[in-house]
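Asker: Here is how the chains run, residue by residue.
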Amino acid sequence: MLELLTSGFAVILEPSAFIMIIFATIVGIIFGALPGVGSAMAVALMVPFTYKMGPVVSIAFLTAVYCSAITGGGITAILFKIPGTPGNTPTTFDGYPMAQQGRADKALGIALVCSAIGGIVSAFAMLLISPQLSSAALRFGPAELFAVAFFGLSVLSSLDSNNVLKTLISGLIGLSLATVGMDPIFGVPRFTWGHSALVGGIPMIPVMIGMFAVTEVLKQTVNPFKIEGEFLNKKVSTKLLTIKETIAMKITILRSAVMGTVIGILPGAGATIAGFLSYAAEVKSSKTPERFGKGAPEGVAATETANNAATGGSMVPLLSLGIPGGNSSAIMVSALMLQGVQVGPMLIKTQPVFLSGVFASMIVTNILMVIVAIGIAKVFSKILNMPYSVLGPVIILLSVVGSFALQNNTGDVRLMMVAAILGYAFIKLGFSSAALVLGLVLGDICESNLRRAVMIADGDILSVLSRPITATLLITCAILLILPFARQLYKSKKALS
Amino acid sequence: MLKKIYLLTICLLVALSTLTGCSSASKPADTEKAKWPERKVEIIVPFGAGSGTDTTARALAAPLEKVLGVPVVVTNMEGGGGIIGMEYVNKQPADGYTFMIHSPTHLLLSIQKLSEVDLIKDFVPVTRLVQDSVLITASSNGRFKTWDEVVAWAEDHPGDVTIGAQAPKGVDAITVRMISAGAGIETKFIPFDGGAEVKSAMLGGHIDLSNDDPINALALVQSGELNALLVGNDKRLPGFPDTPCTVELGIDVTAGPWRGISARKDTPEEAIKGMEVAIAEAMKSAQWQDFAKKAMLDQRPGYANAEEFSKIWEEQYQFYSDAFEKFGL
Chain A
0 MLELLTSGFA
10 VILEPSAFIM
20 IIFATIVGII
30 FGALPGVGSA
40 MAVALMVPFT
50 YKMGPVVSIA
60 FLTAVYCSAI
70 TGGGITAILF
80 KIPGTPGNTP
90 TTFDGYPMAQ
100 QGRADKALGI
110 ALVCSAIGGI
120 VSAFAMLLIS
130 PQLSSAALRF
140 GPAELFAVAF
150 FGLSVLSSLD
160 SNNVLKTLIS
170 GLIGLSLATV
180 GMDPIFGVPR
190 FTWGHSALVG
200 GIPMIPVMIG
210 MFAVTEVLKQ
220 TVNPFKIEGE
230 FLNKKVSTKL
240 LTIKETIAMK
250 ITILRSAVMG
260 TVIGILPGAG
270 ATIAGFLSYA
280 AEVKSSKTPE
290 RFGKGAPEGV
300 AATETANNAA
310 TGGSMVPLLS
320 LGIPGGNSSA
330 IMVSALMLQG
340 VQVGPMLIKT
350 QPVFLSGVFA
360 SMIVTNILMV
370 IVAIGIAKVF
380 SKILNMPYSV
390 LGPVIILLSV
400 VGSFALQNNT
410 GDVRLMMVAA
420 ILGYAFIKLG
430 FSSAALVLGL
440 VLGDICESNL
450 RRAVMIADGD
460 ILSVLSRPIT
470 ATLLITCAIL
480 LILPFARQLY
490 KSKKALS
Chain B
0 MLKKIYLLTI
10 CLLVALSTLT
20 GCSSASKPAD
30 TEKAKWPERK
40 VEIIVPFGAG
50 SGTDTTARAL
60 AAPLEKVLGV
70 PVVVTNMEGG
80 GGIIGMEYVN
90 KQPADGYTFM
100 IHSPTHLLLS
110 IQKLSEVDLI
120 KDFVPVTRLV
130 QDSVLITASS
140 NGRFKTWDEV
150 VAWAEDHPGD
160 VTIGAQAPKG
170 VDAITVRMIS
180 AGAGIETKFI
190 PFDGGAEVKS
200 AMLGGHIDLS
210 NDDPINALAL
220 VQSGELNALL
230 VGNDKRLPGF
240 PDTPCTVELG
250 IDVTAGPWRG
260 ISARKDTPEE
270 AIKGMEVAIA
280 EAMKSAQWQD
290 FAKKAMLDQR
300 PGYANAEEFS
310 KIWEEQYQFY
320 SDAFEKFGL
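Protein chains in written order, with numbering that gives the first Met the number 0: chain A, 0 to 496; chain B, 0 to 328.
Next up, chain B with everything else stripped away, as it sits in the complex (with noise of 0.2 Å):
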C-alpha cells in the first residue's frame, strides 16, 4: 500500500513537473502578441529584508497590484552590496515582467566597475519613487550639540573629528566626505558594516558623529539621546525643523538616497510606459502616502517619472564620479 502512496506521488511530481515545465516554455511566444501584462510581474530587490529598498518595493506592490490586475511579486536577491540581483535581474528574458528596484548604489557599482553588469548600460529607468536625505546626528553626551560647534572645533583641530557611516564607498560615505568639505573643514571618516552599528558606536562616545536616514535617527532624536545636526537638502526638513540644511550654510550638498524601479534595457516600450503610468497611479493610493509618511519619505519631492529620472542618472553618475576623483577612491 504505502508502496503504491509512494509511486503515486513520485508520478504526480514527475507530472507536475513536465506541466510547468511546459507552460513556462510557451509563454514566451504569447508574450508578443498579448497586451502587457498578462501575468504576475516581479520586483527584485538586490537587498536583504528589512532594508529601505526592500520596505519600500514591499509598500509599492499592493497598491500596483490593483492597478495592474496581476499579482506583484517582491523577491530579495541579497549579496555582493546589490551586484547579485542586478545580475540576476540582467540574466532574465527583457520581456517587462522582471523590474529592479534599486538606489544611487547601483551608480556607484557602475563607476567602481565591479561588475560586468553595468546600471547606465544594461538599464532603462523607469520612475523614482522616493527620495531620502542624509542626516547628520551626535550623541547628546558627546562634544557637539550643534553643526557650528563642529565646523568651529575642526577648524582648530583638523582630523581630529571622527565621523561614521555604513560602507567604505557607499552613497552616504560620499555624501559625508561631500559635506565635510563643502564645510571646508577636515574630518576623519570611519566606515562600518552597518547602519546599528554606527549608531551604537557613536552613542557609546567612539566617534563623534554618523549619518542616518531621517526615519530611523527619529526615535533617539524625540527622546533626546541624539541631536540632530545637520541634513543635506536645500530646505530643511518638515520634520526636522530645527535642524539646518547644508544649502542654508552655503554647502551646496543635497545628494541622498533615493530608490527606483528600473528594467532592462531591451525591454518592449509597452512595459516600461504600461509600468511608468501605473506606479503614477498607485503612488496616489492613500495606501502608498500612508507607507510614505510613516517611513518619513515625503520629507522631500521624490517621484520622478522615466524621463526626468534618465537625467537623474546621467547628473548623478556625473556627481558621483566627480566624487569619487577628488577624494581618490
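Excised from the complex, chain A in its bound form (with noise of 0.2 Å):
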C-alpha cells in the first residue's frame, strides 16, 4: 500500500507534472466558476494539453481540473447567484443569502474548504475500496435509479416552507418541463409542436442561469434600494472555517462526503443529484429546518460537500470497471483511448499507478484548490465593489455568453431570456425557480428508469417498487415527508397537555 501511495505521489510531485496540476487547478476553477462552462467542457477543453504528457499524468492532470471545476461554481454561486456548474445550483439557495447578509466570506469559506473535505474523503474511499463500492453500485439498476431520483425529488417539500403547495406546483412544471423532448422509451417526438430544436428536450443550464443570475438582476433592478448599504463595499476575505466551526458541522460534513461518493459511482447520476440530494437530506435531518433557503451554512456544507465527493465517486466505476459514470470521466476514456490505454479492470491490476496517481492528484488538487480559490474569490469579490448598475449588465453578459457556450446555440440564449423573465414571475407570484430547476434536473431519470424498470418487470410495477433497495429508499421518502409534520403535531400536543 505504502509502495503504491508514493509511487502515484511520486508521478504527481514530478515538477513538470506537478506544474501541470496547479495549471489545472487554476484553469478548472476559472471555467468552473463560468457559468455554462461545466466541469465537463472544461475537461474537453484541456485535453489537447494531454497530448504530449504520459497517459497517468494525464488522467490526473483531468482529474484536477474536474475536481476544481465543480469547486470554482461555488464561487459565482455565492457571489452572484450564478451555478457555475448545475452542481452547484443548492449553493445559491443559502450561499448567496449569506453574501447579501454581508458574510460572502464565511460562505466562500464554508464551500471551499467543505468542498476539498468532500473531495479528499472521496478519494480516500476511492483508492481503499473501489471494487467493494463498484460492485455495489451495480446494484443499481433502473428500479433502484429511479428510487434515488424519486428521494431527490423529495426535496421539494423543504425548499420553501411558507409555500408549500406553489413549490410542489413549481416542482410539477418542472417535471412537465422534462417531458419535452424525445420519449426515452418508444422514440417518439413529445410536446416539440414540430420545433426540431425541441426534440433534444429543455437543456437544463440556460433555464438555470436565465432563473437564477438573470432573475436575480431583473429584481435587483427594480428594487434597487436593498442592496444599498449591505451588499456594496463589503470586503470579501474568505476567512477559512476555524478548526471549531468545521467540528460544529461534523455530522454534515460526513453524511454529504459518504452521500456525494455513493450518488457519483451510480451510474447516469453526478455532482448534480449529489448536491440536490445531500442539501435535502440536511433540511431534512436538521431540528430547525426552517432557516434553510436564508442563509443556513449548512446548506452551502452539504451541497459544496457533496458534489466535490462526487467526482471521486465517478472515478471509482471509470477506474475498476472502465465504465465513466458521467461526462467528465467519459472524455477522460477517451483521451486515454488516445494515448492506447485502455480503462478496465486490468488496468489497476497490472498498473496500479493509474489508481495511485488518480489519488495523489485528488489529494493535492483538492489542497491547492483552496489556496488558489482564495486568490480567485478575492477576484472576483472585487467585482462585488461596482455599482450595480455595472455589475448587473456585467452578470447579464456572463449569463448570455455561458448560456450560448453551452452548445454553441443561439437557441439556448433565447430560452435563457424566457427562463429569466418566467423567474421573475415566479419571486412576484411567490412560486419557487428552484423547485422547477429540480424537477427540470431529475424528471427525465425519474422517468425514463421508472419506465425501463418496468419494462424489465414485464409491466409488473409492484414488483419494481419491492426491490429491496427501491422500497427501503422509497419509505426513508415517505418518513422524511412525514416527519416534519409529526414532529409538528407532537410539538403542539405538548403544548397542549
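Hint data in this document are derived by calculation from the structure and do not stem from the laboratory.
Mixed in with the good hints there might be a few duds.
Partner residues are not named here, just some residues of chain A that face chain B (Cβ under 10 Å, in silico) [what the hints assert, rightly or not]: (1) Val42; (2) Arg138; (3) Ala196; (4) Pro392; (5) Asp459.
Pairwise CB distance ranges, derived in the manner of DEER restraints [unchecked claim]: (6) B/Arg142 x A/Ile128: 26 to 36 Å; (7) B/Glu37 x A/Ile128: 33 to 43 Å; (8) B/Gln288 x A/Ala424: 31 to 41 Å; (9) B/Gln221 x A/Lys286: 19 to 29 Å.
The C-beta atom is built at its ideal place from N, Cα and C for all residues, glycine as well.
Join the two chains into one complex using the hints; note that each chain is given alone, in its own frame.
Answerer: And the structure:
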C-alpha cells in the first residue's frame, strides 16, 4: 500500500507534472466559475494539453481540472447567484443569501473547505474500497435509480416552508418541462410542436442561468434600494473555517461526503444530483429546517461537500470497470484511448499507478484548490464593489455567453431569457424557481428509469417498487416527508397538555 | 487615469469588432476566384466531446491540416440527437469551408423526418472514414456464456431475454432488433440513455445482453467481466477472433455505426473533390493509422470515396427504412 502511494505521489510531484496540476487547478476553477462552462466542457477543453503527457499524468491532470471546476462553480453561486456548474445550484439557496447579509466570506470559506474535505474523503474511498464500491453500485439498476431520483424530488417539500403548495406546483411545472423532447422509451418526439430545436428536450443549464442569475439582476434593478449598504462595499476576506466551526458541522460534512461519494458512483447520476440530494438530506434532518433558503451555512456545506465528493465517486466505476460515471469521466476515457490505454479492471491490476496517480492528484488538487480559490474569490469579490448599474449588465453578459457556450447555440440564449422572465414572474407570484429546476433535473432520470424498470419486469410495477433497495429508499422518503408534520403535531400536543 | 484606460480599451474593442466585421463580409467575394482552400476549414461534430464522432474528427483534423495547409478546426455542436449540429451546418454558406462529420444516425433522422433539414436532400457525401461493428456482450456472471445459449433459451422462452442498447430508435437499437429477428428469436429490447448505463445495468444483472462498440468492450472482455457473444459482420473481427460473426450463423445483418464527412449540397465541386483527395491522403498518414488501430477502427474496411459513400447512403437508407417498417417504429 505504502509503495503504491509513494509511486502515485512520485508521479504527481515530479516538477513538470506538478506545474501542470497547478495549472489544471487554476484553469479548472476559472472554467467552473464561468456559467455554462461545466466540468465536462472544462475537461474537454484541456484534453489537447495531454497529448504530450504520459497516460498517468494525463488522467491525473484531467482529474485535477474536473475536481477544481466543481469547486469554482461554488464561488459564483455564492457571490452572484450564478451556479457555475449545475452541481452548485443548491449552493445558491443559502450561499447567496449569506453573501447578501454580508457574510460572503463565511460562505466562501465554508464552500472551499467543505469542497476540499468532500474531495479528499471520496479520494480515500476510491483508493481503499473501489472494487467493493463499484460492485455495490452495480446493484443499482433502473428500479433503484428511479428511487434515488425520487428521493431527490422529496427536496421539493423542504425548499420553501412558507409556500408548500406553490413550491410543489413549481416542481410539477419542472417535471412537465422535463417531458419535452424525445420519449426515452418509444423514441417519438413529445411536446415539440414540430420544432426540431425541442427534440433534444429543454436543456437545464440555460434555464438555471436564466432563473437564478438573470432573474436576480431583474429583481435588483426593480428594487435597487435593497442592495445599498448591505451588498456594496463589503470586503470579502474568505476567512477559512476554523477547526471549531468544522467540528460543529461534522455530521453534515460527513453525511454529505458519504452521500456524494455514493451518488457519484451510481450510473447516470453525478455532482448535480449529489448536490441536490445532500441538500435535501440536510434540510430534512435539521432541527431548524425553517432557516434554510435564508442563509443557513449548513446548506452550503452540505452541497459543496457532496458535489465534490461525487468527483471521487465518479472515478470509481471509471478506474475499476472502465465505465465512465458521467460526461467528464467519459472524456477522460477517450483521452486515454488516444494514448493507447484501455481503462478497465486489468489496468488497475497490472498498473496500479493509475489508481494511486489519480488519488495523489485528487489530494494535491483539493488542497491547492483552497489556496488558489481564495485568490480567485478575492478577485471575483472585487467585482462586488462595482456599482450595481455596472455589475448587473456584467452578470447578464456572462449569462448570455455562458448559455451560448454550452452548445454554441443561440436558441439556448433565447431560452435563458425566457427562463429569466419566468423566474421574475415566479418571485412576484411566490412560486419557486429552485423547485422548477429540481423537477427539470430529476424528471428525466425518474421517468426513464421507472419506465425501463417496469419494462424489464413485464409491466409488474409492484415487483419494481418492492425490490429491497427501491423499497427502502421509498419508505425512507415517505418517513422524511411525514416527519416534519409529525414533529409539529407532537409539539402542539405537548403544548396543549 | 483609470478612466482613460477604460475608454481606450472600449475604443480598441469597437475598432476590433468593426475590423472583423469587415473582413468576414469581404471574404465570400474573394473565394469565388481563389483556389480552395484559402482559409481555415471547419468540421462540425453534431455530438458531444468524447463521443466516437468527436474523437474521429479530431484524429483526422491533425493530418488533414498538414495536407490542406490551412487550419482544420473541429467544433462540437451537440443537441437534439444530432439535429442541432446538422441544422447549423445547413445554415452556413455552401462555400466548402464547413463540413460535418456524422454517423448513420443522420440517415435515421431523415427517415423519421425529425428536422426540416434532410441529410439526403440537403447534403452531399464526401468520404466515409471508418466502419465500426455492433458487438453483443453478456456479463460473465449472467445467464448466457455464448450466443447459442441465448438462442436455445429464447426459443423456449420468447421475450424473456432482455437486451439493452443506447436510444430507442438509434443505429444500435435497430441493429440489435435486426439480429434478434435474423436469429429467429424474440428478445425484449430495453432502451437506455447512454452506453455506460447499459453496461452498468448488464454487469449488475438487471439485463442479460447489451451491445457495444468493440473498443468500449475490449478492456472488460480481456479482464473476463464480459463475454463477447456475437459480432455483426461477415467475418470475425481480428481483435475478437473467438467471437462468432452474424453471417457465419446465417444472420444477414452486418450494419454498424460508421462515421463519414459530408458537406452542404451546393458546395462547389472543387471543394468537395479537394476535401475528398485530402482526406484520402490524410488517412494514409501514420498519425491516422495509429489512431485507427488504438480505437479498433481498423477491424473492418471503412474508407469509401464520395461515389461509394453515396451508394452506401442509398443502400442504408433503404435498409433502415425497411427496418422501421418491419418493427413498426
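Asker: Take the hints in turn and mark each one as holding or not.
Answerer: Structure-based check of all given hints:
no.	hint	result
1	Val42	holds (8 Å)
2	Arg138	holds (6 Å)
3	Ala196	holds (7 Å)
4	Pro392	violated (14 Å)
5	Asp459	violated (13 Å)
6	B/Arg142 x A/Ile128: 26 to 36 Å	holds (29 Å)
7	B/Glu37 x A/Ile128: 33 to 43 Å	violated (58 Å)
8	B/Gln288 x A/Ala424: 31 to 41 Å	violated (58 Å)
9	B/Gln221 x A/Lys286: 19 to 29 Å	violated (53 Å)
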